[in-house]
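**Q** Work out the full structure: start from the sequences and follow the hints.
2 protein chains.
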Amino acid sequence: MTKDAEDNDAPPNQPERFQQARAAQAMAILEDYAEMISDLIEEMGEARITDIASRMGVTHPTATKAVARLKREGLAVSRPYRGVFLTDEGADLAERVRARHRTVVHLLVAVGVPPETAEMDAEGLEHHVSEITLKAFERYLDAAAAK
Amino acid sequence: MTKDAEDNDAPPNQPERFQQARAAQAMAILEDYAEMISDLIEEMGEARITDIASRMGVTHPTATKAVARLKREGLAVSRPYRGVFLTDEGADLAERVRARHRTVVHLLVAVGVPPETAEMDAEGLEHHVSEITLKAFERYLDAAAAK
DNA sequence: GTGTTTTTAAAGCCTTGGCTACATTTTTGT
DNA sequence: ACAAAAATGTAGCCAAGGCTTTAAAAACAC
Numbered sequence: 000m001t002k003d004a005e006d007n008d009a010p011p012n013q014p015e016r017f018q019q020a021r022a023a024q025a026m027a028i029l030e031d032y033a034e035m036i037s038d039l040i041e042e043m044g045e046a047r048i049t050d051i052a053s054r055m056g057v058t059h060p061t062a063t064k065a066v067a068r069l070k071r072e073g074l075a076v077s078r079p080y081r082g083v084f085l086t087d088e089g090a091d092l093a094e095r096v097r098a099r100h101r102t103v104v105h106l107l108v109a110v111g112v113p114p115e116t117a118e119m120d121a122e123g124l125e126h127h128v129s130e131i132t133l134k135a136f137e138r139y140l141d142a143a144a145a146k
Numbered sequence: 000m001t002k003d004a005e006d007n008d009a010p011p012n013q014p015e016r017f018q019q020a021r022a023a024q025a026m027a028i029l030e031d032y033a034e035m036i037s038d039l040i041e042e043m044g045e046a047r048i049t050d051i052a053s054r055m056g057v058t059h060p061t062a063t064k065a066v067a068r069l070k071r072e073g074l075a076v077s078r079p080y081r082g083v084f085l086t087d088e089g090a091d092l093a094e095r096v097r098a099r100h101r102t103v104v105h106l107l108v109a110v111g112v113p114p115e116t117a118e119m120d121a122e123g124l125e126h127h128v129s130e131i132t133l134k135a136f137e138r139y140l141d142a143a144a145a146k
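Residue numbers (numbering that gives the first Met the number 0), protein chains in the order written: chain A, 0 to 146; chain B, 0 to 146.
No lab work stands behind these hints: they were computed from the structure. All values reported here derive from a predicted model rather than from experimental measurement. Treat the hints with caution; some may be incorrect.
As the list claims (entries may be wrong) - Below are the BS3-like pairs computed for lysine-lysine, each with C-alpha atoms no more than 27 Å apart in a straight line:
1) B:Lys146 x A:Lys146
2) A:Lys134 x B:Lys134
3) A:Lys134 x A:Lys146
4) B:Lys134 x B:Lys146
5) B:Lys146 x A:Lys134
6) A:Lys146 x B:Lys134
**A** Here is the structure:
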């Protein structure tokens, strides 16, 4: 059956889409931790491993590992038994992530998603929102605000 | 500094949000493979490992492993050197995923995202769209269509 | 200042989802 | 029918990101 079904409609760039989604996922955790560290520093003056872990919903060894990866990527610095701090690069990343998060939540709410759900879903969603899509969201929100 | 900064604004359910995002991510690959197998069966009558792998942008051992996990989860069946097929449950999942994917793409386009970009981003986005958000998207699209 | 409690670190295990390299089976061409 | 090619399977490696358990260091109470 359908031996001559070569007339399919699979987009030729489909593999790239999945590869890109996987790449985004690899960045996601770095982004989440960087933002969390930034939040904690802002709120409490420093980011302790224990606080990072409890906010992220993981055990502290897991948080320690994540911080190690951040350090390896040049996004954070820390000394043993001291808090974690972000490099300039890490702080930039955190700021971009935070802004993107806000935009995504606002857009979800704008199209009718309940705020609580918007926050929930944005946590996973945001990492897959490209620059182009983000700009589109901003334009949409501006337009809606100026209605 | 800020020793009395206990008046922070960290939502108490933040850990749950991250845990939920991680759970969604764990489902993502199952969903992607199930949908891909469904697509291939529809287009070509069967889903071969080689085709699954090339469409997903991975090597065939990786596709084989993913199929093994689908089988373990009761979503797919296959016999050695033969194509892969979905169980009823797997087919249901694929259909839900496909519908959700379409809705997400439509919504992105509706708020001004270029179609090509919408397809790109939806690939990663869709797995984090909850039922509630999906319903909101559908309502929004209905309303926009009836404008 | 000493002892307890809290925090951090370190080591080691598990699963997932990639990969390469190699073996085997099926399919195909002649 | 048989050899070559293609597809599938198997084994083993790696990094990521979870976990628990155990050890050490810092902070705190008194």
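**Q** All hints, please: hold or fail.
**A** Here is how each hint holds up against the structure:
1. B:Lys146 x A:Lys146: At roughly 16 Å apart (the allowed maximum being 27 Å), Lys146 (chain A) and Lys146 (chain B) satisfy the hint.
2. A:Lys134 x B:Lys134: Cα-Cα ~24 Å, so holds.
3. A:Lys134 x A:Lys146: holds, 18 Å
4. B:Lys134 x B:Lys146: holds, 18 Å
5. B:Lys146 x A:Lys134: Given pair Lys146 (chain B), Lys134 (chain A) holds - Cα atoms ~24 Å apart, limit 27 Å.
6. A:Lys146 x B:Lys134: Distance ~25 Å between Lys146 (chain A) and Lys134 (chain B) Cα, so the pair holds.
Going down the numbered hints, you'll see the structure goes against none, and every one checks out.
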